[in-house]
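Participant: Here is how the chains run, residue by residue.
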Amino acid sequence: MKRTKAITGMAATAVVVAAMSPGTAMAASTPLVGPTHGVTLNFMIASSGPAETSADKAAAAAWGKKTGNKVNVINSSNLTEQLTEAFAGGSPPDIFYGETPMFESMVKQGQLLESGNLVYPAKDFYPSLVQEFSYNHQFYCVPKDSSTLAIEINVADWKAAGLTNANLPTTWAKLAYDAKALTRNGVTGLVLSNTLDRLGAFFKEAGGNYMNAAGTKFTFDSPQNLEALKYIQGLAKKGYLKFSPQVDAGWGGEAFGTGKAAMTVEGNWIIGAMQTDYPKIQYEVVPMPVGPGGHHGTLVFTNCWGIAASSKYTAASVSFAKYLASPAQQLRFANAFGVMPSRPAVAKQWAAEHVKQVVASGNEYPNVSAFVQGDAYAMPQVATIGFATVQSNFDNQIDGLANGTSNPAQMLSQLQTYAEALLHP
Amino acid sequence: MASVPSDDPGGAPLAAGQYAAVPASLEERAEAVAGRAGTRRLARRSRVRRPRATGTLRKGEGFFGWLFVSPALVILVLFVVLPIFLALYVSFTNWSGLTPPLASSVKLVGLTNYKTLLTEPGLYQANFAESFRNVFYYVIFTVPLQTALALSLAVLVNNKFLKGRGFFRSAYYLPSVTSSIAITVIFIYLFQGAGVVNSIFHFFGWRQTPDWIYDQRGLFTLILSAFGVNSPSWGGHLVMGLSAWQWLAGPSLGMCVMIVMVSWTTAGTFMLFFLAALQQISEDIDEATEIDGATPWQRFRRVTVPLLRPTLVLVITLGFISTWQVFDQSFLLGPSNPTDITPGYLAYQVSFQDSAFGMGAAVAFLLFALIVVLTLLQRKFVKEDLTK
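Chains E and P are the protein sequences, given in the same order.
Residue numbers for the first sequence follow our numbering, beginning at 1 and rising by one.
Residue numbers for the second sequence follow our numbering, beginning at 1001 and rising by one.
Rather than coming from a laboratory, the hints here were simulated on the basis of the structure.
Any given hint could be a false lead.
What the hints assert, rightly or not - Which residues of chain E face chain P? A few of them, derived with a C-beta cut under 10 Å, are:
#1 G110
#2 G386
#3 A421
Unchecked claim - Listed next, the in silico SDA-like pairs over lysine to any residue satisfying Cα-Cα at most 25 Å (straight line):
#4 E:K237 / E:N393
#5 E:K238 / P:D1211
#6 E:K237 / P:N1094
The beta-carbon is built from N, C-alpha and C at its ideal position, and this holds for glycine as well.
Given only the sequences and the hints, what does the whole structure look like? Please build it.
Facilitator: Structure follows, in C-alpha cells:
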C-alpha cells in the first residue's frame, strides 16, 4: 500500500505540473527516473502475427545491444485485458502498445507518462495522430504507426464488368455506379464491415464529423452525417452493398478474399491478410471517394508507444521509444508487416519503395500510396471513455439499414444522445 | 436400530441396565431397547460432551482441528470470500481498473452505479435491461429443455436390452466434456447464412432461411407477426429503456441457437445424474407395477418420475444457477448479436471495454441478488411439492 500511495502521489504531482505548464515547456519538467543502461524493461505488445512479433523482438534486441539494456517482450492476445490487470495489480509493463479506447482512462488515472515531446516533437508526425494521443493539448505518447481506409478492388471482377480507369470510384456517384456494375453472378459489388469504423469515412466525405474541431462536442446528428448514412442505406437496399455478416464474413477483407465481394473498404492491414490467406487475388487500392461537396475523407487507426508513469525506468523507456519511433525503425516495421509509418516523410518513402518492390516482383498491384494519401485528411477515432459501448450500440443497428428496420436519423440521434451523456455524466 | 448401542463404546452397559424393566414380548423388548438406547445415547451425548468441550484436552483438539482445516480455509478466504467482499466494495466505487482497487484515487460513489443501471434512462440502463431480458428467456427455455432431454437420454441408456449402452452413454456425455468455446465456434459455422443447417432447410424447400447467428428478431414477435400482429400501440411504452414490445419479443433467433446448443451440451452431464438415480430404483418396483397392469408410460409417469424427484430437484436447481450466469457462449456470440449478451458477459464488457469496473461489479451483484432470490423461491415451491 505504501508503494502504491507513493506512486499515485507522484503521478498526481506530474498531472498538476502538466496542468500548469503548456506545450513543449512541459518536456523539461517531467522527471525521468532510473538508469539508462543495465536495466531490464518489460515491453507489452499486441502482435497481429508472427511477422510483427519477430520485428518487435528484433528491435528490442537491437536497442538493448546498442544501449546495454535488456528488453523482455510480452505478447498479449488481449491487450486491453492484460494491461488493465497489470495496472490494477500495480506492476504495469514499462512500455507498451497504447490503444485509443484506453488512452483517456490512462491519462485521467495518471498512469500514462506524458512522454510525447520527450521522445520526438509533435511536428514530426501526422497531426491527426498527434491529436488522437493528446489530452487537454498535452501530447502524451508518440504514434506508433498509422493505418487508413481505402477502397480495394478485385481486378478480375472489374475487368469482367467492363469497367475502365475512367470508372474508378473517385466520387460517390461513381462508387454507386461501380457497385451496381460489379454486383453480378452472386458477387456483391461492395461489402463493408458493419461498424462505424468504416461508415465514419463517409461522414467525413459528406462534410460531417464525429466531433467539433476543438474536440469538445459531438456532432453525430448533423445533416451531413445523415446524408452519408442515407447514401449507404440506398446502396444496401438495392443490394449493391452488403454488410459482412450478410455474406457470412467476419470482416470486409474476408468477403473480398473469398470472392464474395468485388470491392471492400479496409485499411492497410488487408495487405498482410491478402498475402497470407488469399495470395492469388489480384487487387488494386484506390483512395476513398470524395463526397457531394467535394470533401475528402477517410479514417485513421493507430496505437502509440505508451510509457507507464509508475515505471522505475522511465529514462530507459523514453530512450527505447525514441529508437522505436525513429525513421529508420519505422521503415523496418513497415517493410516487415505492412503498417504505415506515422511520420509523413517516412510514409512517402515507404510507399515509393513498396511500389518499386511490387513492380520488381512482376505484379502490377497493389499500389499502397492510396493509404498514405489518406493520412493527410483522415479523421481519428473517438477516445472518450465509454465510447466503445456507445459505438457497439450503433454498430448493432447497421445490419438493419439494408431491410429498413433501422432508421438513419434515429440511429444518429441516438448515437449523439448516448455520446453526449459520456461528456456530461 | 438394534445395532445402534453397540456402535457406541459407552452404550453397552447402559443398554444392559434397561433390562430391569423388561417388556413382555421379545419383539417389544428388542424395540424398546433399541429405541430407548437410541434416545439415551443422544441425551448422553449432549449431556456429556458439552462440559468436556471446555476441558484442556478438547482445547488442544480444537487447535489441531483448526490447524488441519486451515489450508483449505486460507484458500477459501483468500480466493473466494475476500474477492467477493472486494467486488462488493468496488461496486460502490468509480474504480477504473487502471490503479489498484484500494488506491486513494478510487472514490466511493455510494449507490451511483446501481442507480445508473436501474433508474437513470440511458445506454447503461438499456443495455442492462436488455441483458436481463436475454438471460430470462434463455433460462426459461434452456432449463426445461435440458432437463427433459437429460431425463429422456437417461431412460434410453438405462434400458438393459439396449445394445452398446456404454457407447451411447459416452457419446451423449461427450459434448459436456468438450470445451464450450469449441462447441460454440462449431455452432456458428453450422448456423451461419450459408451453413449446414440452412442448406438442409433449402433442400427441403424452405428458401427464406434467416441468418441465425445475427438475427435479432424475437421468436414471439415472429410468431405474432405471422398472425398479423405487428407492434401494437401499447408496445412503444418504455420500461427501463426497452419498449414493452421488446420485452415481450421472446428469445431472438440468435438466442434460440444458443438455447439449443447449451441444452444439447449440458444434457449429457445431467443424464449421468438421472442415470445414477435410475439405477437406485429397484427392479422389483417396476415388475410389481407391470404385474398390476400399468402401461410403460404409466410406469414412467407415476412410478419412475416420482422416485426421481430428489434428483429432478437437484438438476433443475443446478440448471437454473448455471444458466443465469452463462458467460462463455455470450462471450463469442454477443459481439455480433446484442440479443445474445447476458449479464455475466455485460459485467465483463462494461469493466474492461469502458474501464468502469464499479459498474461491472454492480451488474454482477444485481445478477447475484436475482439468483439468490429466485433460487430461494424455487426451493420453497419445490419443497411444498415434496411434502404432499
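Participant: Does each hint fit the structure? Answer for all of them.
Facilitator: Against the structure, the hints:
With 10 Å as the threshold, the beta carbon of G110 of chain E comes within range of chain P, its nearest partner Cβ sitting at about 7 Å, so the hint holds. Nearest Cβ of chain P to the Cβ of G386 of chain E: about 5 Å, under the 10 Å cut. The hint holds. Against a cut-off of 10 Å between C-beta atoms, the interface hint on A421 of chain E holds, since the closest Cβ of chain P lies about 5 Å away. Pair hint K237 of chain E plus N393 of chain E holds up; C-alpha atoms about 21 Å apart against a cutoff of 25 Å.
Note on K238 of chain E and D1211 of chain P: the hinted pairing holds, with a Cα-Cα distance of about 19 Å set against a maximum of 25 Å. Among the hinted pairs, K237 of chain E with N1094 of chain P is inconsistent with the structure: their alpha-carbon atoms are about 44 Å apart, more than 25 Å.
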